[in-house]
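Colleague: Please take these sequences and the hints and turn them into a complete structure.
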Amino acid sequence: MQETMSSPICGEEVVRAENLRKTFTLSRKQQRLEHTSFTRKVAVDGLSFSAYRGEIYGLLGPNGAGKTTTLRILSTLIAPDSGDALVCGHSVLREPQKVRDVIGFMTSELKLEGFFTPSYLFDFFGAMHGVEKSVLAKRKGELFERFGIDRFAEVKVRDLSTGMLQKVSLVVAIVHDPAVIIFDEPTNGLDVLTAKVVIDFLAELKSMGKSILLSTHIFSLVEKLCDRVGIIIDGKMAADGKLADVCGEKSLEDAFFDLYKCVKGETI
Amino acid sequence: MNGYALLSLTRRNLKIFLKDKANVFFSLLAPLIVLALYVLFLGRLQEDGLLSALEGMGVTGAEGLISDFSDSWMLAGCMSCACITVPLCACGIMIQDKTRGISSDLFISPVARWVTPAAYFCSVVAAGLVIGAVVLCVCFVWLAAAGAWLLSFRDVLGCIASLVLSVVSSSTLLVFVVGFFRSQGAFTALNVIFGTVVGFLIGAYMPITYFPEAIQQFTFFLPGSYTAGLFRNFMMRGPLAEIAGLSPAFAQGLESEFSLTFDFFGAEVGIGDMFLALAVAAVLFAALNVLVAVLRRRKKS
Numbered sequence: 001m002q003e004t005m006s007s008p009i010c011g012e013e014v015v016r017a018e019n020l021r022k023t024f025t026l027s028r029k030q031q032r033l034e035h036t037s038f039t040r041k042v043a044v045d046g047l048s049f050s051a052y053r054g055e056i057y058g059l060l061g062p063n064g065a066g067k068t069t070t071l072r073i074l075s076t077l078i079a080p081d082s083g084d085a086l087v088c089g090h091s092v093l094r095e096p097q098k099v100r101d102v103i104g105f106m107t108s109e110l111k112l113e114g115f116f117t118p119s120y121l122f123d124f125f126g127a128m129h130g131v132e133k134s135v136l137a138k139r140k141g142e143l144f145e146r147f148g149i150d151r152f153a154e155v156k157v158r159d160l161s162t163g164m165l166q167k168v169s170l171v172v173a174i175v176h177d178p179a180v181i182i183f184d185e186p187t188n189g190l191d192v193l194t195a196k197v198v199i200d201f202l203a204e205l206k207s208m209g210k211s212i213l214l215s216t217h218i219f220s221l222v223e224k225l226c227d228r229v230g231i232i233i234d235g236k237m238a239a240d241g242k243l244a245d246v247c248g249e250k251s252l253e254d255a256f257f258d259l260y261k262c263v264k265g266e267t268i
Numbered sequence: 001m002n003g004y005a006l007l008s009l010t011r012r013n014l015k016i017f018l019k020d021k022a023n024v025f026f027s028l029l030a031p032l033i034v035l036a037l038y039v040l041f042l043g044r045l046q047e048d049g050l051l052s053a054l055e056g057m058g059v060t061g062a063e064g065l066i067s068d069f070s071d072s073w074m075l076a077g078c079m080s081c082a083c084i085t086v087p088l089c090a091c092g093i094m095i096q097d098k099t100r101g102i103s104s105d106l107f108i109s110p111v112a113r114w115v116t117p118a119a120y121f122c123s124v125v126a127a128g129l130v131i132g133a134v135v136l137c138v139c140f141v142w143l144a145a146a147g148a149w150l151l152s153f154r155d156v157l158g159c160i161a162s163l164v165l166s167v168v169s170s171s172t173l174l175v176f177v178v179g180f181f182r183s184q185g186a187f188t189a190l191n192v193i194f195g196t197v198v199g200f201l202i203g204a205y206m207p208i209t210y211f212p213e214a215i216q217q218f219t220f221f222l223p224g225s226y227t228a229g230l231f232r233n234f235m236m237r238g239p240l241a242e243i244a245g246l247s248p249a250f251a252q253g254l255e256s257e258f259s260l261t262f263d264f265f266g267a268e269v270g271i272g273d274m275f276l277a278l279a280v281a282a283v284l285f286a287a288l289n290v291l292v293a294v295l296r297r298r299k300k301s
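Same order as they appear, the protein sequences are chains A and B.
Under the numbering used here, the first sequence has 64 at position 64, and the numbering climbs by one with no breaks.
Under the numbering used here, the second sequence has 242 at position 242, and the numbering climbs by one with no breaks.
Keep in mind the hints are simulated off the structure, nothing from the lab.
All figures in this text were calculated on a predicted structure; none of them were measured in a lab.
Careful: at least some of the hints might be erroneous.
[To be verified] List time: in silico DSS-like cross-link candidates among lysine-lysine, alpha-carbon distance up to 27 Å: (1) B:K98 with A:K98; (2) B:K15 with A:K29; (3) A:K111 with A:K133; (4) B:K15 with A:K138; (5) A:K156 with B:K15; (6) B:K299 with A:K98; (7) B:K19 with A:K133; (8) A:K41 with A:K236; (9) B:K299 with A:K156; (10) A:K111 with B:K21; (11) B:K15 with A:K41; (12) B:K98 with A:K41; (13) A:K138 with A:K206; (14) A:K261 with A:K236; (15) B:K299 with A:K236; (16) A:K111 with B:K19; (17) A:K196 with A:K111; (18) B:K299 with A:K138; (19) B:K15 with A:K111; (20) B:K15 with A:K133; (21) A:K29 with B:K299; (22) A:K156 with B:K21; (23) B:K98 with A:K111.
Modeller: So, in structure tokens, the structure goes:
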């Protein structure tokens with residue numbers, strides 16, 4: 001397993017989503033909130049795209065477009081109704097455990113218990129991912145030093161600054177050296193300083209040769225970080241490609257709203 | 001790998017429970033209420049009632065024995081409550097992980113899917129056993145300090161066995177029930193209601209025979225009643241035997257009034273049956289937990 005995690009045997013294409021479809025049953029409360037009488041909602045509707053090794057691929061779309069659902073399918077948290085996705089050649093449907101070996105899943109939410117130390121949390125999640133103790137110790141030393149956590153390794157999480165806390169959260173998520181990192185709304189709800197920590201972290205991961213898939217509705221984040229972008233509107237892929245190809249001469253924001261008007265037949 | 005992950009996750013869950021001092025305190029609230037009520041007025045009320053009944057039968061000078069009997073009854077109630085309320089509070093970590101999204105972090109690790117729920121169960125059992133053992137030690141110290149130690153070695157072993165089986169049984173039931181909860185608010189409500197009602201339902205505040213027949217029959221279907229029955233048998237048999245030396249008829253009456261044995265729709269339920277009832281409940285709810293997990297996974301895929 002260690003070999004798979006640290007040096008994945010996969011081609012250039014690390015993620016391939018093929019015609020993914022996912023529907024959810026709406027509760028009465030959700031029906032009221034969405035102003036609909038339908039009991040089912042199509043969250044992802046025939047979505048296909050590919051992401052390649054060493055690049056940052058951004059899924060851009062408004063809230064409720066199906067970005068998080070897509071990422072949750074790719075991380076094996078939910079299964080698609082139809083279609084399949086391959087991560088480093090492993091099917092999320094047929095080989096979910098192998099997929100979980102090679103991915104790291106992160107959100108901007110901090111989920112660390114205050115009385116644990118970064119060192120304990122790193123060791124705990126290492127154990128959960130089956131990382132050998134010697135490998136774990138070496139990796140902890142490297143990552144903690146690289147991201148400046150080493151001086152705070154034994155400090156209780158509740159005593160850390162928000163930025164440092166975020167770094168710990170991110171480092172813990174890549175404890176098993178995943179080949180593919182999936183990041184749902186990386187800067188959502190973060191203040192500017194902590195958001196910068198996350199953006200720098202992602203850039204650092206990219207420089208380490210990691211493949212990153214992120215979802216966001218923030219144009220500047222995509223422009224700053226992503227090599228390629230997939231624009232999702234109403235669960236469908238409206239555009240997919242290199243940033244320059246998707247935007248043409250326009251800014252990403254203008255290109256997005258033109259596309260939105262074209263797909264929905266309405267302006268915002 | 002799964003074994004190591006199971007151990008790590010169980011230790012993590014247990015640490016989270018034990019580090020939260022307020023949670024540990026509230027898990028012992030029901031036993032503490034039993035203790036407080038007893039010290040404040042229930043103990044004296046009960047002792048006075050029993051003494052006047054004895055005097056009515058022409059027996060005097062049994063104050064010490066009646067006091068030992070009452071102490072044992074109260075401590076059995078404390079232990080029975082602790083075996084239920086501590087695992088219930090320890091289940092809070094399941095809800096906490098769900099609401100904070102930590103479950104997702106755990107579920108995307110490459111360990112087998114059974115590891116996370118199994119670790120929750122193991123940590124709930126471990127929390128129940130650790131805190132339960134401490135409460136049991138306090139009970140023993142209380143009895144010894146009050147000069148009411150009338151337990152044989154077999155009784156001590158019986159208490160330990162009752163603690164283990166009761167915690168396992170209540171944990172399987174509570175993990176099953178709490179598994180359906182999604183919000184912290186709902187869980188807190190369950191905790192408050194359960195913590196308040198459990199002392200009455202298992203006869204910790206007052207003997208269950210004081211309740212209407214229908215309530216008594218309902219309690220026969222609660223595993224906690226058998227937990228209470230077992231602790232009463234192991235903690236109260238000593239004082240009861242001493243009282244039987246003074247008045248066998250009175251002791252026999254107490255045995256039935258304080259539910260040391262039950263009359264389950266005409267069939268007498270003894271210690272062996274109580275152990276069996278708890279074991280059956282544990283197996284039943286363990287099976288239900290597995291069934292629900294399988295159905296959820298099928299629904300998901």
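Colleague: Each of the hints needs a verdict: does it hold here or not?
Modeller: Going down the list of hints, with the structure as the test:
1. B:K98 with A:K98: It holds: about 24 Å lies between the C-alpha atoms, which stays within 27 Å.
2. B:K15 with A:K29: 37 Å, violated
3. A:K111 with A:K133: Distance of about 23 Å is within 27 Å: holds.
4. B:K15 with A:K138: Measuring from Cα to Cα gives roughly 25 Å; hence the hint holds.
5. A:K156 with B:K15: Holds - the C-alpha atoms of K15 of chain B and K156 of chain A are around 14 Å apart, at most 27 Å.
6. B:K299 with A:K98: 21 Å, holds
7. B:K19 with A:K133: Between K19 of chain B and K133 of chain A the Cα gap is close to 25 Å, so the pair holds against 27 Å.
8. A:K41 with A:K236: 13 Å, holds
9. B:K299 with A:K156: 40 Å, violated
10. A:K111 with B:K21: Holds, at about 20 Å.
11. B:K15 with A:K41: 41 Å, violated
12. B:K98 with A:K41: This hinted pair holds, its Cα atoms lying about 23 Å apart.
13. A:K138 with A:K206: Judged against 27 Å, a Cα distance of about 21 Å means the pair holds.
14. A:K261 with A:K236: Holds - the C-alpha atoms of K236 of chain A and K261 of chain A are around 14 Å apart, at most 27 Å.
15. B:K299 with A:K236: OK: K299 of chain B and K236 of chain A at ~24 Å, within 27 Å.
16. A:K111 with B:K19: 17 Å, holds
17. A:K196 with A:K111: 19 Å, holds
18. B:K299 with A:K138: Measuring from Cα to Cα gives roughly 41 Å; hence the hint is violated.
19. B:K15 with A:K111: 16 Å, holds
20. B:K15 with A:K133: 21 Å, holds
21. A:K29 with B:K299: At roughly 22 Å apart (the allowed maximum being 27 Å), K299 of chain B and K29 of chain A satisfy the hint.
22. A:K156 with B:K21: 17 Å, holds
23. B:K98 with A:K111: 11 Å, holds
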